[in-house]
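Peer 1: Sequence:
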Amino acid sequence: EIHEAFASTVLAQMKAWESPEFCKNKLGLDAPLGAIDRDRLNVTGSSLAAGHPFAATGGRVVATLAKLLHGRPGKLGFISVCAAGGQGITAILEGR
Numbered sequence: 001e002i003h004e005a006f007a008s009t010v011l012a013q014m015k016a017w018e019s020p021e022f023c024k025n026k027l028g029l030d031a032p033l034g035a036i037d038r039d040r041l042n043v044t045g046s047s048l049a050a051g052h053p054f055a056a057t058g059g060r061v062v063a064t065l066a067k068l069l070h071g072r073p074g075k076l077g078f079i080s081v082c083a084a085g086g087q088g089i090t091a092i093l094e095g096r
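1 is the number of the first residue of the sequence shown in full-length UniProt numbering; add one for each residue after it.
One thing to keep in mind: the hints can contain errors.
Below, simulated DSS-like cross-link-like pairs (lysine-lysine); rule was C-alpha separation at most 30 Å, straight line [claimed, not checked]:
1) 24 / 75
2) 15 / 67
3) 15 / 75
4) 26 / 15
5) 26 / 75
Bear in mind the hints are in silico, worked out from the structure with no lab data behind them.
Turn these sequences into a full structure, and let the hints steer you where they fit.
Peer 2: Okay, structure coming up:
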């Protein structure tokens, strides 16, 4: 679940994760993170479909992923939320 207030941010993020140069120069990795299975990305439609009210998007993204993971012990989900001023946060949630 990646916060998608604008489609271009997710497309750029996905391209960066697949780029050997970006991952080496910006993340200090020896290899790219790799491609994301688009069938598993933002399966409920993302912020473009749900709306993007200020101060509520982060909570909506966490709640959506928690609901998707509920009843799926051991399954992991990743969230990424951007914020004003170039800030952002990521988290990994585990189903119970």
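Peer 1: Now, for every hint given, state plainly whether the structure supports it.
Peer 2: Each hint, compared with the structure:
| no. | hint | verdict |
| --- | --- | --- |
| 1 | 24 / 75 | holds (29 Å) |
| 2 | 15 / 67 | holds (28 Å) |
| 3 | 15 / 75 | holds (25 Å) |
| 4 | 26 / 15 | holds (13 Å) |
| 5 | 26 / 75 | holds (29 Å) |
In summary, this structure violates none of the numbered hints.
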